[in-house]
Amino acid sequence: MQVEIAGQAVEVLEGAKCADALSQALSKKQFKKTVVCRCGDALLDLSASLPETCTTLEPVFADSEEGLDVVRHSTAHLMAEAVKNLFPEVKVAIGPSIENGFYYDFDYDRPFTPEDLEAIEAEMNRLVGADKDFSCRVLSSAEARKEFKGQGEDYKVELIDDLGAETVSIYGQGGFTDLCRGPHVPRTGFLHSFKLLSVAGAYWRGDEKRKQLQRIYGTAWSSPKELKKYLDRLEEAKKRDHRKLGTRLDLFSIHEEVGGGMILWHPKGALVRAILEDFERKEHLRRGYDFVQGPLILKRDLWERSGHYDNYRENMYFTEVDETSYGIKPMNCLSHMLIYKSRIRSYRDLPQRYFELGVVHRHEKSGVLHGLMRVRSFTQDDAHILCRPDQLQDEIVGVVNFVKDIMDIFGFEFEAEISTRPEKSIGSDEDWDRATDSLKNAMDSMGMPYDINEGDGAFYGPKIDIVIKDALERKWQCATIQCDFTLPERFDLVYVGEDGDRHRPVMIHRVILGSIERFLGILIEHYSGAFPVWLAPVQARVLTITDSQNEYAGKVLQFMREKGIRVEADIRNEKLGYKVREAQLEKIPYMLVVGDSEIEAKGVNVRWRDGDDPGLLSLEKAAELILAGAQEPFKLGGISYSFSTTA
RNA sequence: GCCCACGUAGCUCAGCAGGUAGAGCACUUCCUUGGUAAGGAAGAGGUCACCGGUUCAAAUCCGGUCGUGGGCUCCA
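Residue numbering for the first sequence follows the working numbering, starting at 6 and increasing by one per position.
Hint data in this document are derived by calculation from the structure and do not stem from the laboratory.
The C-beta atom is built at its ideal place from N, Cα and C for all residues, glycine as well.
Among the hints, erroneous ones may be present.
Unchecked claim - Okay, derived cross-link-like pairs now, BS3-like style, lysine-lysine, Cα gap no bigger than 30 Å in a straight line:
no.: 1; residue 1: 137; residue 2: 37
no.: 2; residue 1: 474; residue 2: 370
no.: 3; residue 1: 34; residue 2: 273
no.: 4; residue 1: 592; residue 2: 480
no.: 5; residue 1: 38; residue 2: 273
no.: 6; residue 1: 151; residue 2: 200
no.: 7; residue 1: 445; residue 2: 287
no.: 8; residue 1: 626; residue 2: 230
no.: 9; residue 1: 409; residue 2: 304
no.: 10; residue 1: 592; residue 2: 474
no.: 11; residue 1: 154; residue 2: 273
no.: 12; residue 1: 96; residue 2: 243
no.: 13; residue 1: 230; residue 2: 37
no.: 14; residue 1: 38; residue 2: 22
no.: 15; residue 1: 474; residue 2: 287
no.: 16; residue 1: 592; residue 2: 287
no.: 17; residue 1: 243; residue 2: 626
no.: 18; residue 1: 200; residue 2: 34
no.: 19; residue 1: 200; residue 2: 38
no.: 20; residue 1: 273; residue 2: 592
no.: 21; residue 1: 445; residue 2: 429
no.: 22; residue 1: 233; residue 2: 37
no.: 23; residue 1: 22; residue 2: 273
no.: 24; residue 1: 480; residue 2: 234
no.: 25; residue 1: 249; residue 2: 230
no.: 26; residue 1: 33; residue 2: 96
To be verified - Here are the simulated distance ranges between beta carbons:
no.: 27; residue 1: 252; residue 2: 124; range: 34 to 40 Å
no.: 28; residue 1: 291; residue 2: 118; range: 21 to 27 Å
no.: 29; residue 1: 203; residue 2: 253; range: 21 to 27 Å
no.: 30; residue 1: 497; residue 2: 70; range: 52 to 58 Å
no.: 31; residue 1: 553; residue 2: 239; range: 44 to 50 Å
no.: 32; residue 1: 501; residue 2: 457; range: 34 to 40 Å
no.: 33; residue 1: 35; residue 2: 214; range: 26 to 32 Å
no.: 34; residue 1: 304; residue 2: 442; range: 34 to 40 Å
no.: 35; residue 1: 326; residue 2: 559; range: 50 to 56 Å
no.: 36; residue 1: 433; residue 2: 304; range: 27 to 33 Å
no.: 37; residue 1: 368; residue 2: 210; range: 25 to 31 Å
no.: 38; residue 1: 253; residue 2: 347; range: 46 to 52 Å
no.: 39; residue 1: 37; residue 2: 269; range: 54 to 60 Å
no.: 40; residue 1: 452; residue 2: 68; range: 29 to 35 Å
I would like the entire structure built from these sequences, with the hints used as guidance.
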C-alpha cells in the first residue's frame, strides 16, 4: 500500500509496523527521537500495525508538545512499575501527564519518605537501563477486570467498571501491567530525563470523602538538557517568591501571634497598595462608576435573607453586639444593594455602578493559606452594577474591556473561562440563556478566547473567570464577572420602567484585580520586586560620597519631592559602592549620586537600576527623566457605555 | 480540614552518634571621608516554636499543640 510518510510517498507492506514504515522515510537521527506516530487524528504506538485506512503517517518527536506528553505519560507508568517492584503491596491508582511532568497516585499503608523517592528514582533508572518494551494488549473489559481483580488492584477495577467500554488497553513492560489508552514511547530507554519532585496527599478521584492516596510528582523532558533547564527555571522562580521578596524588600509580614492569613503592611508595601488603589479609583471614575462604602459588620438577619447564611456560613465570622448577632462581611454586595434600595430608581437611573475597595473576611481552611495569595482578610476592588436586562450585554462588554485594559497595563497574559448553569440553580431558562449569551457575546465581540466550563456557574447566575499565573506558573483567579438574578429578587430591587410599572434589574458582581493582596503578590513575582517606576514605593535615592555632600543631598531631596517624586537619601557613612549595591538590591529605579563634582555642576549623576546610566544631569533634567518614567499608565476603554438619555 | 515535610539570633543557615549554642548579613559603637554591587575593629542579640515524656543530662530521642512549606479539597 502507498502511504505518505513525513511528506514522502512510501510503499509499505500491508500490516507493517508503524516503526518499520517510518524508518523507511526518516533519517536515523529523526527516527531516534520519534516516540509515537500520528495517523489522521489518532496517535499510535510505533509497535502498532499500520491501519488499513491510513494514508498519511507523521512522526511525533519527543521534543514536540504531543511527544512530551507521551514521554511524561510513559514515565508515570515507569514510576508505577518501580514502586511496585520496591513495594509490592502498594495499590496503584492513576497517573496522568501534567504540565511539565507527571504524577501517580498510590495507596500504601505507610508514607513514602524522601529516601523512598530516591530509591524509586534509582529503580526507574535501572528499568530505563534495561530498555524494556512497552507492549500493548487489548482485552475485553471483563478479562481485564478479572486480571486486575486477581492482582488486588481495586482502583483499576473501579476505573474499568466506570469506563463502560467493551475493550480496554493494557500496557506492560514485562511483569508490570497498567490500564491505559496510551500511546507510549517504544521502550523504557526513551525515558532518560526525569526527576521525582515531591510526595503529596491527594483524594481518590478528587473526592475529599474518599481515601487519601499518596501522590508522587515528577518532571520529565525530552533530553537531560531540557530537564536541567526546567530545574533551573524552578530555582529562578523560587527566588521571585513574593513571600521572600516581601521580607527582603520590607513590604509586608505575617505574624503567628496575629493569625494566619492576616497581612501587616509595612510602609513600603502600604505605599505600593495605596498607589495601586489610587490608580484603580481613577480608572473607575473614568469609566462611570460611583464610589460607595459600607460597614464591615452587618446584622445576621440580613445574611440570612441574602442566602449567605445558608450557603456560605462556614466561611464567615460572626460577632455579637448588644445581644444581636452580626456577620463580618465576606462580600460587599449587601451594602451596595441597600444603597440602591434607599430610594425609588427610574429606568433612567440605570445602570448604577457601585464601586468599593471593600475589606472582606473569609474563614479559609488553614491548609490553603498562602502568603498574599490566599488570606483571610483582604480587600476586593469590588463593584456591583445594577442594570436593565437590555443593558446587560453592554455592561459586560464594558467590564471585560476594563479587565483587558488593566491586564495589558501590567503585561499579564490571562485565560478566561465561562461557567454555565449548574444543576442546582435558580432562575428561568430564559434569564440564564440571556445572561450566558451576553457573557459569550461580550467575549466574542472582543475576540477574546475562552473555555466553557459546563455547569460550574454560581447557583444564581453564569460567570466569566479570569486567571493569571504566578512565578511558578500556578494559576490564580483574579477578575470574575458574575450575573445575578437572585439577590435583586430576594431584596426586591426594582426600577420604574418607561411603562410606569416596576421591573427587576439584573446585578453584575465583578472584580478586576480580584483581591489587592493577591494581585500584589502576583505583581511582586511578575516584576521580581522591580516595580515599574509609577508603582515603585521609592522611585529615587540620593547617594552621597562623603558627609561633605549632606547639605546638598538635602537640597536635592527637597527639589525632587516638590516635583512629586518619591525620593529618599542615603547619607550613611558608607562607601558609594556599598550604597549602590543596597539600592540595586532594593530595586530602586533611580540612584542619584552626588559628590563634589555634582555640587559644582549643580546636578546629580543618575544611575538606573537596569540598563544604561544617563550620567550627569541637571536637577531639572533628572526630575523630568524620572517623572517621564513614572507616568501612570493610561488606557482608554474604547467602548461607549449606554446611558439612559433616550425617552 | 486532610496527607507529607519542616520550625535554631531580624534575615540566610550550621550545629543533632544526647553533655545546656555558632557563622555570614543586618543592628550598635569606634576607626575610616572612600566615586557606581559589600573598608576595618569591637559589641549587643537566642528560655534552640510551645507543652509534656524518656534520661543523671534534650536544641538533639519520643508524643502532643501551634505555625510554615509542598500538594489535595475549596477559593479572590
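Verification of the hints:
{"no.": "1", "hint": "137 with 37", "result": "holds, 16 Å"}
{"no.": "2", "hint": "474 with 370", "result": "holds, 22 Å"}
{"no.": "3", "hint": "34 with 273", "result": "violated, 56 Å"}
{"no.": "4", "hint": "592 with 480", "result": "holds, 26 Å"}
{"no.": "5", "hint": "38 with 273", "result": "violated, 52 Å"}
{"no.": "6", "hint": "151 with 200", "result": "violated, 34 Å"}
{"no.": "7", "hint": "445 with 287", "result": "holds, 28 Å"}
{"no.": "8", "hint": "626 with 230", "result": "violated, 48 Å"}
{"no.": "9", "hint": "409 with 304", "result": "violated, 37 Å"}
{"no.": "10", "hint": "592 with 474", "result": "holds, 22 Å"}
{"no.": "11", "hint": "154 with 273", "result": "violated, 62 Å"}
{"no.": "12", "hint": "96 with 243", "result": "violated, 34 Å"}
{"no.": "13", "hint": "230 with 37", "result": "holds, 17 Å"}
{"no.": "14", "hint": "38 with 22", "result": "holds, 17 Å"}
{"no.": "15", "hint": "474 with 287", "result": "holds, 26 Å"}
{"no.": "16", "hint": "592 with 287", "result": "holds, 27 Å"}
{"no.": "17", "hint": "243 with 626", "result": "violated, 38 Å"}
{"no.": "18", "hint": "200 with 34", "result": "holds, 25 Å"}
{"no.": "19", "hint": "200 with 38", "result": "holds, 20 Å"}
{"no.": "20", "hint": "273 with 592", "result": "holds, 12 Å"}
{"no.": "21", "hint": "445 with 429", "result": "holds, 22 Å"}
{"no.": "22", "hint": "233 with 37", "result": "holds, 21 Å"}
{"no.": "23", "hint": "22 with 273", "result": "violated, 66 Å"}
{"no.": "24", "hint": "480 with 234", "result": "holds, 21 Å"}
{"no.": "25", "hint": "249 with 230", "result": "holds, 28 Å"}
{"no.": "26", "hint": "33 with 96", "result": "violated, 40 Å"}
{"no.": "27", "hint": "252 with 124: 34 to 40 Å", "result": "holds, 36 Å"}
{"no.": "28", "hint": "291 with 118: 21 to 27 Å", "result": "violated, 57 Å"}
{"no.": "29", "hint": "203 with 253: 21 to 27 Å", "result": "holds, 25 Å"}
{"no.": "30", "hint": "497 with 70: 52 to 58 Å", "result": "holds, 53 Å"}
{"no.": "31", "hint": "553 with 239: 44 to 50 Å", "result": "holds, 48 Å"}
{"no.": "32", "hint": "501 with 457: 34 to 40 Å", "result": "holds, 37 Å"}
{"no.": "33", "hint": "35 with 214: 26 to 32 Å", "result": "violated, 50 Å"}
{"no.": "34", "hint": "304 with 442: 34 to 40 Å", "result": "holds, 37 Å"}
{"no.": "35", "hint": "326 with 559: 50 to 56 Å", "result": "holds, 51 Å"}
{"no.": "36", "hint": "433 with 304: 27 to 33 Å", "result": "holds, 31 Å"}
{"no.": "37", "hint": "368 with 210: 25 to 31 Å", "result": "holds, 27 Å"}
{"no.": "38", "hint": "253 with 347: 46 to 52 Å", "result": "holds, 48 Å"}
{"no.": "39", "hint": "37 with 269: 54 to 60 Å", "result": "holds, 57 Å"}
{"no.": "40", "hint": "452 with 68: 29 to 35 Å", "result": "holds, 31 Å"}
Checked against the numbered hints given earlier, this structure breaks hints 3, 5, 6, 8, 9, 11, 12, 17, 23, 26, 28 and 33; the rest are met.
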